[in-house]
Amino acid sequence: MSSLFASQARRVAGAAIVVATLAAMPALAHHGWSTYDETKPLTVTGKIVETHYENPHATIRLEAQGKRWFAILAPVSRMETRGASAEKVAVGKQVTLVGYASKEKADEMRVERITFDGGQTVELR
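Just so we're aligned, residue 1 is where the sequence shown starts under the working numbering, counting upward by one.
If you're looking for bench data, these hints aren't it; they were derived computationally from the structure.
Please note: incorrect hints may appear among the correct ones.
[Claimed, not checked] Pair ranges (Cβ atoms, derived):
1. 8 with 103: 48 to 56 Å
2. 83 with 32: 53 to 61 Å
3. 42 with 117: 30 to 38 Å
4. 104 with 80: 23 to 31 Å
5. 70 with 118: 22 to 30 Å
6. 11 with 86: 13 to 21 Å
7. 8 with 63: 54 to 62 Å
8. 52 with 123: 17 to 25 Å
Beta carbons are placed, not taken as given, at the ideal position from N, Cα and C, and that holds for glycine.
Start from the sequences and build out the full structure, keeping to the hints where you can.
Here is the structure:
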């Protein structure tokens, strides 16, 4: 009987470890903002060539001045609340991004503000 109890306890403990690990994964995947150079604001205007409108942050690829930028926007709920719908950041749209370049990746930026073709500006942070 005692070995049966020990076996069940090991299974429960193993399951708890798996659940805790899976629950922590989104937090581990979310990076901090310290890898972006906030001392040098950057403005980039160009055409969206790729969009991912999903959490934890919406992202776009932007073709601008012969360079392709990977731009990290805001969580989808914040984007929608502030008027930056999926259709406004769709492939082919022209936008101006203001943000900070990554210290680690030459083609990546964290966007603070986005201005759409019609002139609407949305603060993302």
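- Message: Please check whether residue 104 and residue 80 have a Cβ separation lying inside 23 to 31 Å.
- Response: holds (29 Å)
- Query: Between residue 83 and residue 32, does the beta-carbon spacing fit 53 to 61 Å?
  - Reply: Violated, since residue 83 and residue 32 (Cβ atoms, about 27 Å apart) do not stay within the stated range.
- CB of residue 52 to CB of residue 123, is that within 17 to 25 Å? With a Cβ separation near 21 Å, residue 52 and residue 123 satisfy 17 to 25 Å, so the hint holds.
- Outcome for the supplied range 48 to 56 Å, where the beta carbon pair is residue 8 and residue 103: Distance hint for residue 8, residue 103 holds at roughly 50 Å.
- Item | Distance restraint hint 13 to 21 Å, applied to the beta-carbon atoms of residue 11 and residue 86 | violated (43 Å)
- Item | Outcome for the supplied range 30 to 38 Å, where the beta carbon pair is residue 42 and residue 117 | Since residue 42 and residue 117 have Cβ atoms about 20 Å apart, the given range 30 to 38 Å is violated.
- Starting from the hint 54 to 62 Å, judge whether the C-beta atoms of residue 8 and residue 63 obey it. Roughly 58 Å apart at Cβ, these two residues keep to the hinted range, so it holds.
- residue 70 paired with residue 118, Cβ distance criterion 22 to 30 Å: Given a distance of about 24 Å, which is inside 22 to 30 Å, the answer is holds.
Violation of the numbered hints given earlier is confined to hints 2, 3, 6; the remaining hints are satisfied by the structure.
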